[in-house]
Amino acid sequence: MTEVRVHHRPISTWWWTRKPTYFVFVMRELSSIFVAWFVVYLLMLVYAVGRGEAAYEDFLAWAATPWVVVLNVVASLFLVLHVVTWFNLTPQAMDVRIRGQKAPASLVVASQYVGLAVVSAFVLWLVTR
Amino acid sequence: MADSIRLEVTRYRPEGDSGPEVQEYDVPLRKEWTVLDGLNHVKDEVDTTLAFRWSCRMGICGSCGMNVDGEPKLTCATFLSDYAPGPVRVEPLANFPIVRDLVVDLYDFMEKLPRVKPWIIRDDDLTVIDGEYLQTPEELDAYKQFSMCINCMLCYAACPVYGLDPEFIGPAAIALAERYDLDSRDRGARERLDVLIEHEGVWGCTFVGECTRVCPKHVDPAGAIQRYKLKAAKENVMAFLLPRGAR
Ligand code: SF4
Ligand code: FES
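Each protein sequence line maps, in turn, to chains A and B.
Numbering of the first sequence is given in full-length UniProt numbering, commencing with residue 1 and proceeding in unit increments.
Numbering of the second sequence is given in full-length UniProt numbering, commencing with residue 1 and proceeding in unit increments.
Extracted from the complex, chain A is given alone in its bound form (with noise of 0.2 Å):
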């Protein structure tokens, strides 16, 4: 075979900025950390109650310093995109179907919102009864 003098073409460090589509994507990836921090805020909250109310009290005050407030406005922005992004893509990953037939895409995302909501709804009974 002849050889041939290819070209390879650099690619930017900035490629996810070359497309809305990309940029969402590296934006839903960097949601991920947002997660974690919300799971870690958690079991930081679980914790303090554990230790009794002064300990709850401190983890209060602690949560309500404006760094914190920030911090859980753009996190909270972030899951949203997470959730949405996230629902938004399992029916392509999931092959649901129903009596043999494709469930409509709509419905599958559709499901995930009311299993959120009863899920969402659940917890709240329980922390507020």
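If you are wondering where the hints come from, they were derived from the structure by calculation, not from laboratory data.
Warning: the hint list may mix true and false statements.
Residues from chain B that keep clear of chain A, each with C-beta distances beyond 10 Å, as calculated [stated by the list, open to error]:
#1 Ser4
#2 Cys56
#3 Pro87
#4 Phe207
#5 Arg227
Cut-off 30 Å, straight-line C-alpha distance, at most; resulting in silico cross-link-like pairs (DSSO-like, lysine-lysine) [unchecked claim]:
#6 Lys31/B to Lys144/B
#7 Lys234/B to Lys102/A
#8 Lys112/B to Lys31/B
#9 Lys144/B to Lys102/A
#10 Lys112/B to Lys144/B
#11 Lys19/A to Lys217/B
#12 Lys229/B to Lys144/B
#13 Lys19/A to Lys229/B
#14 Lys31/B to Lys43/B
#15 Lys117/B to Lys43/B
#16 Lys112/B to Lys234/B
#17 Lys112/B to Lys217/B
#18 Lys31/B to Lys231/B
#19 Lys234/B to Lys19/A
#20 Lys31/B to Lys19/A
#21 Lys229/B to Lys217/B
#22 Lys217/B to Lys231/B
#23 Lys43/B to Lys217/B
#24 Lys43/B to Lys229/B
#25 Lys112/B to Lys231/B
#26 Lys144/B to Lys117/B
#27 Lys117/B to Lys102/A
#28 Lys31/B to Lys117/B
#29 Lys144/B to Lys217/B
#30 Lys144/B to Lys43/B
#31 Lys112/B to Lys229/B
#32 Lys231/B to Lys102/A
#33 Lys31/B to Lys102/A
#34 Lys102/A to Lys43/B
To give an idea of the interface, some chain B residues facing chain A are shown, with a C-beta separation under 7 Å as derived from the structure [to be verified]:
#35 Pro14
#36 Pro97
#37 Ile98
#38 Val99
#39 Gly163
#40 Gly204
Keep in mind that this is a model prediction, so the values were computed, not measured.
Glycine residues also receive a C-beta, built at the ideal position from the N, C-alpha and C atoms.
Assemble the complex: chain A is given as a structure, and chain B with the ligands must be docked to it using the hints.
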């Protein structure tokens, strides 16, 4: 409508010293003209040295893929009028090395495709005389979508994972593996999974989803890859829980 549109075409001459350059051509803007028609006009009337691939002009052969204004497209199915007043950037498919002008080197895919064994694998070896393997319309439906692939490579050009890590086996190859796995006549799922369960297999994919968006044949390679991940994950759990003989 203006009567001409400017194409900004990537030129690369391997015998020269420099890298790719952009050359501009003005071509007639007609309602029924595609980007490929524009390029053929250049080739026939303006500059015979321009190199590009095409054959069927009807979205079947998969050879005319190029990046048009940054998006991987079949140029025979992409109309110039959609880019009016222009200019339109026409580049070789992204993520592949350039051989000359708009022609890219597809050797990498040619080497990867047979790894997923995209053919029907049987335990028994029936001959033609034994008769055909029958299939119901439902069984055909199960894999039909994935069999529509024309190997146009638009999905590879759109995939940032493939661009950053050329070891990744890539969307179309995995979609074709799924096509044979879902075929009722096939018994090769196990062999394909052994290939795709590797890191360069399905786990390379981070579900950007761009392959599915650019696919001109609605193959949905991203969907095929995620389903493969489920299969691979199940396999890993089984391997962990059960001794080899029991699987
Ligand atoms: S999966 Fe679609 S985009 Fe990829 S090679 Fe096949 S037809 Fe082209
Ligand atoms: S020329 Fe065959 S697909 Fe475009």
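Going down the list of hints, with the structure as the test:
{"no.": "1", "hint": "Ser4", "result": "holds (28 Å)"}
{"no.": "2", "hint": "Cys56", "result": "holds (25 Å)"}
{"no.": "3", "hint": "Pro87", "result": "holds (18 Å)"}
{"no.": "4", "hint": "Phe207", "result": "violated (6 Å)"}
{"no.": "5", "hint": "Arg227", "result": "violated (6 Å)"}
{"no.": "6", "hint": "Lys31/B to Lys144/B", "result": "violated (33 Å)"}
{"no.": "7", "hint": "Lys234/B to Lys102/A", "result": "holds (22 Å)"}
{"no.": "8", "hint": "Lys112/B to Lys31/B", "result": "violated (39 Å)"}
{"no.": "9", "hint": "Lys144/B to Lys102/A", "result": "holds (14 Å)"}
{"no.": "10", "hint": "Lys112/B to Lys144/B", "result": "holds (22 Å)"}
{"no.": "11", "hint": "Lys19/A to Lys217/B", "result": "holds (22 Å)"}
{"no.": "12", "hint": "Lys229/B to Lys144/B", "result": "holds (20 Å)"}
{"no.": "13", "hint": "Lys19/A to Lys229/B", "result": "holds (26 Å)"}
{"no.": "14", "hint": "Lys31/B to Lys43/B", "result": "holds (20 Å)"}
{"no.": "15", "hint": "Lys117/B to Lys43/B", "result": "violated (39 Å)"}
{"no.": "16", "hint": "Lys112/B to Lys234/B", "result": "holds (24 Å)"}
{"no.": "17", "hint": "Lys112/B to Lys217/B", "result": "holds (21 Å)"}
{"no.": "18", "hint": "Lys31/B to Lys231/B", "result": "violated (47 Å)"}
{"no.": "19", "hint": "Lys234/B to Lys19/A", "result": "violated (34 Å)"}
{"no.": "20", "hint": "Lys31/B to Lys19/A", "result": "holds (28 Å)"}
{"no.": "21", "hint": "Lys229/B to Lys217/B", "result": "holds (22 Å)"}
{"no.": "22", "hint": "Lys217/B to Lys231/B", "result": "holds (24 Å)"}
{"no.": "23", "hint": "Lys43/B to Lys217/B", "result": "holds (28 Å)"}
{"no.": "24", "hint": "Lys43/B to Lys229/B", "result": "violated (45 Å)"}
{"no.": "25", "hint": "Lys112/B to Lys231/B", "result": "holds (21 Å)"}
{"no.": "26", "hint": "Lys144/B to Lys117/B", "result": "holds (18 Å)"}
{"no.": "27", "hint": "Lys117/B to Lys102/A", "result": "holds (27 Å)"}
{"no.": "28", "hint": "Lys31/B to Lys117/B", "result": "violated (43 Å)"}
{"no.": "29", "hint": "Lys144/B to Lys217/B", "result": "holds (11 Å)"}
{"no.": "30", "hint": "Lys144/B to Lys43/B", "result": "violated (37 Å)"}
{"no.": "31", "hint": "Lys112/B to Lys229/B", "result": "holds (19 Å)"}
{"no.": "32", "hint": "Lys231/B to Lys102/A", "result": "holds (19 Å)"}
{"no.": "33", "hint": "Lys31/B to Lys102/A", "result": "violated (38 Å)"}
{"no.": "34", "hint": "Lys102/A to Lys43/B", "result": "violated (47 Å)"}
{"no.": "35", "hint": "Pro14", "result": "holds (4 Å)"}
{"no.": "36", "hint": "Pro97", "result": "holds (4 Å)"}
{"no.": "37", "hint": "Ile98", "result": "holds (4 Å)"}
{"no.": "38", "hint": "Val99", "result": "holds (6 Å)"}
{"no.": "39", "hint": "Gly163", "result": "holds (5 Å)"}
{"no.": "40", "hint": "Gly204", "result": "violated (14 Å)"}
Violated hints for the displayed structure, listed by number in ascending order: 4, 5, 6, 8, 15, 18, 19, 24, 28, 30, 33, 34, 40.
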